[in-house]
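Based on these hints, arrange chains B, C and D on the given structure of chain A.
Chains as they are written, first to last, in this note's numbering: chain A, 1 to 393; chain B, 1 to 393; chain C, 1 to 393; chain D, 1 to 393.
Derived from the structure by calculation, the hints contain no laboratory data.
Certain hints may be false.
[What the hints assert, rightly or not] Quick list of in silico lysine-lysine cross-link-like pairs, DSBU-like style, CA-CA up to 35 Å:
(1) A:Lys-11 - A:Lys-134
(2) B:Lys-11 - B:Lys-102
(3) B:Lys-196 - B:Lys-288
(4) C:Lys-102 - C:Lys-196
(5) A:Lys-11 - B:Lys-351
(6) D:Lys-102 - C:Lys-11
(7) B:Lys-11 - A:Lys-11
(8) A:Lys-288 - C:Lys-102
(9) A:Lys-351 - B:Lys-196
(10) B:Lys-288 - C:Lys-288
(11) A:Lys-187 - A:Lys-288
(12) D:Lys-351 - C:Lys-351
(13) A:Lys-288 - B:Lys-288
(14) C:Lys-11 - C:Lys-102
Protein chains: 4
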Amino acid sequence: MSVQQYRPPLKYAMVGGGSGSFIGAVHRKAAALDGRAELVAGALSSTPERSLASAREIGLDESRSYASWEELIERESARPEGERPDFVSIVTPNDTHYPVAKAALGAGLHVVCDKPFTHTVEQAAELRDLAAGKNLVCCVTYNYSGYPMVREASELVRTGALGPIRKVHVEYHQGWLATRLEETGMKQAAWRTDPKRAGLGGALGDIGTHAEQLMRFVTGLEIDTLCADCTSFVEGRALDDDASVLLRFAERDGVRAKGVMPVSQVCTGEGNPLTLRVYGERGGLRWKQETPETITLLSVDSDPRTLSRGNDTLSDRAQRATRLPGGHPEGFIEAFANIYLGAIEAIELAKAGRPVPPASLAAEIPQAQDGLEGVRFVERCVSSDGAWVSLDA
Amino acid sequence: MSVQQYRPPLKYAMVGGGSGSFIGAVHRKAAALDGRAELVAGALSSTPERSLASAREIGLDESRSYASWEELIERESARPEGERPDFVSIVTPNDTHYPVAKAALGAGLHVVCDKPFTHTVEQAAELRDLAAGKNLVCCVTYNYSGYPMVREASELVRTGALGPIRKVHVEYHQGWLATRLEETGMKQAAWRTDPKRAGLGGALGDIGTHAEQLMRFVTGLEIDTLCADCTSFVEGRALDDDASVLLRFAERDGVRAKGVMPVSQVCTGEGNPLTLRVYGERGGLRWKQETPETITLLSVDSDPRTLSRGNDTLSDRAQRATRLPGGHPEGFIEAFANIYLGAIEAIELAKAGRPVPPASLAAEIPQAQDGLEGVRFVERCVSSDGAWVSLDA
Amino acid sequence: MSVQQYRPPLKYAMVGGGSGSFIGAVHRKAAALDGRAELVAGALSSTPERSLASAREIGLDESRSYASWEELIERESARPEGERPDFVSIVTPNDTHYPVAKAALGAGLHVVCDKPFTHTVEQAAELRDLAAGKNLVCCVTYNYSGYPMVREASELVRTGALGPIRKVHVEYHQGWLATRLEETGMKQAAWRTDPKRAGLGGALGDIGTHAEQLMRFVTGLEIDTLCADCTSFVEGRALDDDASVLLRFAERDGVRAKGVMPVSQVCTGEGNPLTLRVYGERGGLRWKQETPETITLLSVDSDPRTLSRGNDTLSDRAQRATRLPGGHPEGFIEAFANIYLGAIEAIELAKAGRPVPPASLAAEIPQAQDGLEGVRFVERCVSSDGAWVSLDA
Amino acid sequence: MSVQQYRPPLKYAMVGGGSGSFIGAVHRKAAALDGRAELVAGALSSTPERSLASAREIGLDESRSYASWEELIERESARPEGERPDFVSIVTPNDTHYPVAKAALGAGLHVVCDKPFTHTVEQAAELRDLAAGKNLVCCVTYNYSGYPMVREASELVRTGALGPIRKVHVEYHQGWLATRLEETGMKQAAWRTDPKRAGLGGALGDIGTHAEQLMRFVTGLEIDTLCADCTSFVEGRALDDDASVLLRFAERDGVRAKGVMPVSQVCTGEGNPLTLRVYGERGGLRWKQETPETITLLSVDSDPRTLSRGNDTLSDRAQRATRLPGGHPEGFIEAFANIYLGAIEAIELAKAGRPVPPASLAAEIPQAQDGLEGVRFVERCVSSDGAWVSLDA
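Excised from the complex, chain A in its bound form:
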């Protein structure tokens, strides 16, 4: 909650996020919360009419509302410095992430892209290399790592509070796809269950990638091999709606940790309980997205402690991600906004001629390499078919 030097907001354009989009509105509110980004252009929907209608709905200047993302990038990137968007937010279904990001980066625009990043590892690598070659930010919005207490968890592991890690349990048990919602005309369900749009993974792509990144962000562990049992429980569904994954990690601190990762969208009646538990030789921790303000910290030799966001005993990393005192709940949008803040700070560095920070824990910005890890994770899970496979294929 320290005083910050004012910097004028960056300008951004949005691709996707028209009427009825859940995540587009989240991106806009997250970007608006701290006054650090201003929406100046958009290709908000897949048809010119709907794009325009969506633009009117949110008050976007009609002259900067485009009928297609190709047009948006072509024309906006041609604007003079100072008018041109600094970055493009891509909030379309998964299948268009790659071409839009490629075009935006190609035009010299930074990118903030929803997850899962791309359909293939090769696409992700191409975008990563393209961004790196031009010193552009390509942030992938793994928003759950924006929670202050997730950053505290990461710091607890990093500083050895738990000792060498032995066991990680990360689960994501949604229930909203327990019925054939995709046949009711509900857009969110329709594209997520369509292989052409969603890619290789169903639940794995949509939420398994969050679980994978959360685990990696907090523990820093690298998956060595995995064994995944994927299922489509709802009749007629082409993609997995449930997956149970066993993980074996590369050795660290002399320990070869193991992990369990069940993800499901057919856990009937569940909301959005992404839950992480990490156990080391000296302690453990528990965090749950639906009550994101606290961590339970366990120890081999003392009573469990409840760490709360806003408490001044927390690490700098957690405190920097905090807007309100403890007891005044922060939530999903604030966490999302923290991802945006990270991207914005990196873009400002790049604009100042300095290198974009690497995709590492310290930078707190999930980037193309993180997006690639998620895509690779899904690919390997799907190809596992119940057998152990190496992450590196």
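Just chains B, C and D, lined up with the frame of chain A:
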């Protein structure tokens, strides 16, 4: 989560809210979240230098940063329509609410004012009448009634889901003033414990008014008489830091309900657990600010149910106050933003020549009359001195 | 969980506790759990036929099943040493506690009596003095102080972990009497709402006495004055079914603590949540009967800790009251059994010619003086009628 | 809580359970709680001296305290009807379950045996057949299925409240063996980590068998194949202290359900959270051993409900297993006692010349076949070595 017709943001000026202010930043973020209000001017601090420094910190146009609130109101209200602020947000310590609001309303500007509203009931009544006479909005930011699940609670009572109400328990148990924080240079503690700035009530004014309004908002009950036992536990403190209040309500539905309201800022180790429980002849409910996303609904003849924000079984009132699906936590800023949205909608009505909605439940906008109720509540508690007193004095 | 020297079980007789009695079965199971008491005689019901039927139901020797408590005491106390019951458990409705206890003590038998103890303070004092004069135990089964974590709470306060106590909040919010259950033929409701059987207090006597004793047991504070607002919400009910009590305590450690005690049996939908919160200058604690295995320990300068029964960091007092490792839930019967163990140990002392321990915290045995405090508390609450009254009348 | 016809207690002998045994005392208290079983003989420890000392400690008749279990069975089974024990409780480490049970059954005595049942499936089958051939009860104390709310969960699945089951998540995350406790002289740790005494499984045998039986008891699903990743994290440990198991169930109701079962004794800081979650097409449920009094019942189309023990809306199966009204916590010993009650009722049937109920859900008595399933489960997990194996080998 319905589609809304776009309306351009209102313009507002802020009085108070400079560097180090907690609540000023909250107001700004709440106003920014939905893109419906734009800060255009400010008198952010009590000295010209600090006001300017604060303006720079948040990127406010320096030419519209004023050295005093008097200057701000004089010069901003003289601007032409279209440039002039629609409303003034007052986020100063309590003692200046009255003069600033009076001047702003006098100049024809709508007002959004922090609570407790004024130092005296007479001041509150004057502001109420002034606003009414000019068809101006004078919103008091009782932010906790902005939570969707608080609105659901209100609707559950209103529609009779609990039956006639018998017992209300509302408590607000903070711990942050358990030590003499006011002597450490901490501004927040200093003015809240200073009768000149805070007014008659310490904990009563700061958080008792929240508890009173929450109770009234949800139950609609009117206090008939009350008995308050106020204490200053921390040595040298002039105002109460703890109060225990018994309530007897006016008859409704044939029942004379009763209430218990403990408020304290010396419950060592507690954060911000404003908690409400309401029991009627057929059911009960529990809500807690620190986990604001759910209500537990109790019934005389069935199992407890957990109602969650985002669930489509909730009332329209709750759903209108919702931005995200269930399981994606909303928090304090979102609730605060709902108060702003209510005020903004009322201001738009007034600008369109229609009457400002009355201060009633249906309007969802806490206004000057609600502010007055809070001030009266504090006055009567302080004068009770352990005896039963009528609310009407 | 230390090894104990075996001692043969004491023998006891039971008055009350026949078919359909809830509490009689609890007493018998609590006494049986540790193998330290053996039921040898009974006058289990109010008519000879039902007494005999109840005796058969539980396998009591029919020759020692009596038609009346008078007969039981007369004939059992005349048996030779070694056959004679060591103590009498009194589990009748409140109105007969006094005559039965008086007769039992008069006959030289120790007494274990349910609460509330008697109808009047004078009766309680008489029993106390009678027991003291004969060095007999007269234990009153305030079972909630038998929970290990309640003893830990008491020890935390006693050893100063919280600092001088400022505020106590103890509440007991049941809902089972929210309707006129007494007219449905349900015995438990019928006698509790009948002044002739229950005494002066309804909810106050039945559960307010538990709240009062829990508060006193944990904090050791003495009530100086109180202000009680008692209500009979359910039509036609002669006794209170709801009471809200403000407490002012005698000075201790330089602080005059205050308390709030709402008790109710019309909190529709609530189960049995007796809940205690204590706040001192340096810390606070929370305990709830429905989840009795943990205490949350709050501190002015560190994170909340969760203390759990079975943990070896707990005090000896808590550990002595523990039978199982942590994580293996103990409950109501175990707590009740701890009260029995305390009484049995005191009776063994008396049988060995040593003095019965005084009614003090250290002894962990609630005795006649504690029973008297409860009766006095009810009397003063009822006579308060909303005004402050001294506990000492 | 219905009135029951009195029946005199059965007599039993205990093998194992001497000084320092945790589980022996649990068995004795569980048997004592309801007054339906009386301990008459014992071979409590592995040496004559310690056996005698242990007998004295608990007040067992020294003439019926034996130096060895062989002697106990030989001499006690030779006693006349009416003196002879009805059954033998076996509470030794795992390695002696088989020979003791075989001898007891061979001598015509019923058996109550701790789990895991035997070292091999063949031993388990032999005991099962021996018991069946003589119409003797051979109960295996899978105590967690004694909880009323576990029985409610089973009934909810059985009656279709959740619809066809898709996914089961059962986890058992202890932390007590996170360090080399076995080298500190702690008996409990020493034998559980010693393959000679514990058998093939470490955590798998000690707690994995509980998880397997809980899952089977509640869902009735049969494992078709499994894939287990077993680890010994603590250096020098010969048996697994952690195992992650994926389950594929045989088809039922047209669905091939899947399951995830992580069990661990190195989840540092965890207590005893055996946790079950079951998801079907129409609903889900959650239960956790550390708070055993409630189930959360989820539904595809309504709000989550909290079902509580003692509520009269529960099934007969749950109510029959209940001793106290809701809100008066029952725990581990009561659940254990429910297993004993089941065994005792079955033994009474057998004594009356009627057949012992089969090992099925309706009977609520875990028997030799259930013990066998547990042993087979451990065997298959250990032999899986990360690959899918059939349960039937």
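Outcome of the hint check:
| no. | hint | verdict |
| --- | --- | --- |
| 1 | A:Lys-11 - A:Lys-134 | holds, 19 Å |
| 2 | B:Lys-11 - B:Lys-102 | holds, 19 Å |
| 3 | B:Lys-196 - B:Lys-288 | holds, 32 Å |
| 4 | C:Lys-102 - C:Lys-196 | holds, 19 Å |
| 5 | A:Lys-11 - B:Lys-351 | holds, 31 Å |
| 6 | D:Lys-102 - C:Lys-11 | violated, 39 Å |
| 7 | B:Lys-11 - A:Lys-11 | holds, 21 Å |
| 8 | A:Lys-288 - C:Lys-102 | violated, 58 Å |
| 9 | A:Lys-351 - B:Lys-196 | violated, 50 Å |
| 10 | B:Lys-288 - C:Lys-288 | holds, 16 Å |
| 11 | A:Lys-187 - A:Lys-288 | holds, 27 Å |
| 12 | D:Lys-351 - C:Lys-351 | violated, 42 Å |
| 13 | A:Lys-288 - B:Lys-288 | holds, 18 Å |
| 14 | C:Lys-11 - C:Lys-102 | holds, 19 Å |
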